[in-house]
Structures are given as C-alpha cells and as structure tokens.
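Asks: Use these hints to put chain B onto chain Z, whose structure you have.
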Amino acid sequence: AQKITQTQPGMFVQEKEAVTLDCTYDTSDPSYGLFWYKQPSSGEMIFLIYQGSYDQQNATEGRYSLNFQKARKSANLVISASQLGDSAMYFCAMRATGANSKLTFGKGITLSVRP
Amino acid sequence: DTGVSQNPRHKITKRGQNVTFRCDPISEHNRLYWYRQTLGQGPEFLTYFQNEAQLEKSRLLSDRFSAERPKGSFSTLEIQRTEQGDSAMYLCASRFTRDSTEAFFGQGTRLTVV
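Heads up: the protein sequence lines correspond to chains Z and B, in order. Everything in the first sequence is counted per the working numbering, starting at 539 for the first residue and increasing by one. Everything in the second sequence is counted per the working numbering, starting at 1160 for the first residue and increasing by one.
Check before you lean on any hint, since a few could be wrong.
As the list claims (entries may be wrong) - In the DSS-like style, the derived pairs of lysine-lysine whose C-alpha atoms are separated by at most 25 Å in a straight line are: (1) Z:K608 / Z:K554; (2) Z:K541 / Z:K645; (3) Z:K541 / B:K1216; (4) Z:K608 / Z:K541; (5) B:K1230 / B:K1216; (6) Z:K645 / B:K1216.
What the hints assert, rightly or not - Far from chain B by the CB rule (all over 10 Å, computed), these chain Z residues: (7) T545; (8) D560; (9) D564; (10) D567; (11) S580; (12) N596; (13) A626; (14) S639; (15) T642; (16) P653.
Just so you know, the hints here were simulated from the structure itself, not pulled from any lab data. Backbone N, C-alpha and C fix where the C-beta goes; we use that ideal spot for every residue, glycine too.
Excised from the complex, chain Z in its bound form (with noise of 0.2 Å):
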C-alpha cells in the first residue's frame, strides 16, 4: 500500500518569497514516482513537476523544485519568487510503477500568497 502524507494545515508567503510545501511518502514499491498538482479554486488538477524514484537529480520545472529525499522518503516542493497566483491548494502524489499507475494523493496543503 501506498501513503502520501501533508501535515502543514496552511502554509502563507510573502509575494516573491520562497516557500517550501512538505510531502512524505511510504511505499513498499521498489519504483514509483512522484507527483506535486496545484488545485486552484475552479477545481481542476494541474501537473506541476515530477519526480522518478531513480532519479539522480531533482527535478527541475521553472519557478518549481522538488526536494527528493529517497532515505528519508521525502519530496517537498519548493516554489520560488512567489506569485499572487500561486495561492491555491496543492496535492503531492504518487504512483507505483505497475499495471494500473493510479495516483495516491495527500491530504494537500493551502498555500496563500500575500502581497
């Protein structure tokens, strides 16, 4: 079974600022990936960045980062010069290398941006 955990209730940032969005994950599968989605009031999931558990380096997708931990099972997300849009909910998930690849999501994390 897969677990993805988001403890922070709410995260605010300074617009410009950098914040960090906490995400650990539990899993007995040897290979999985990792999914950071933004959930914006009007509903929809947008894909942010990816993570491959064999990945050497963190990935990378513009104003996003991930912080890939293997050991201690972490993958936070880091978003840098924050953006008044930025503010939404956002989920970290996963996904098992195997036949179905559905995605195990978090509780998520609101983040406000304020000017």
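Replies: Then chain B, alone, in the frame of chain Z:
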C-alpha cells in the same frame, strides 16, 4: 486539443435520484481514470480504463456506481439511488502511457445530494 472536458460542472440532485457524468479525455489518451474528492481531502481513486476495458475498481465504488467507456473514447460515470454521502467532486483524468508520465485532469463535476 482542448484538454480533458467534464460535464456537467455542477449537479444538484435529490436523494434517491440517478445521475450521470461525462468525461471526454484528450483524444489520443488510452487510459482514463475516475477519482472522487471530498471536502478537505485529496482525490481518491475510483476506477480506470485502458481503452474500452475497465481494468480496476476501487472498494469505494459501491454497486450503485457504474462506469463505461464505449469505443475507448468518452466515459460516463453513473450513480444510482444517490445518497448524501455521494456529495463530492468527481474528477476525470487521462493519460497516454507511452510518452507521458503525468495524468491530465478535467475541472471536475461537483455533485450535491440534497
């Protein structure tokens, strides 16, 4: 390519009524997933299709729920005899397994059972 489309966006129904939601995935995507998201929680997997074949159903999917994907294109999710506990956001996602890692989500259908 207009992304994953879900209809309706909102649905209010009386308890005991049947409802049906539709999902149109990105055209070349062979996999289609349904998730349910309740308030304050992350999405939970319900079921998925590989082309037209429904390959897995979660234990969350009671006998009142049925999903289809005729011809491997759009999919429908039907809930019979709705209950208040069915109130949630129903999200559809699609993916092409050969060249993409991420799944693309629609905007969801928000169901309210009164």
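Asks: Could you run down the list of hints and mark each one as holding or not?
Replies: Status of each hint after checking the structure:
1. Z:K608 / Z:K554: 29 Å, violated
2. Z:K541 / Z:K645: 11 Å, holds
3. Z:K541 / B:K1216: 19 Å, holds
4. Z:K608 / Z:K541: 15 Å, holds
5. B:K1230 / B:K1216: 19 Å, holds
6. Z:K645 / B:K1216: Measuring from Cα to Cα gives roughly 21 Å; hence the hint holds.
7. T545: 13 Å, holds
8. D560: Its Cβ never comes within 10 Å of chain B, the nearest being 14 Å, so this holds.
9. D564: At about 15 Å from chain B, Z:D564 clears the 10 Å cut-off, so the statement holds.
10. D567: The claim holds: Z:D567 sits with its nearest Cβ about 15 Å from chain B, beyond 10 Å.
11. S580: 6 Å, violated
12. N596: 16 Å, holds
13. A626: Label holds. Min Cβ-Cβ 14 Å, cutoff 10 Å.
14. S639: Not fine: 7 Å to the nearest Cβ puts Z:S639 too close to chain B.
15. T642: 7 Å, violated
16. P653: Since the minimum Cβ distance to chain B is about 26 Å, Z:P653 lies beyond 10 Å and the statement holds.
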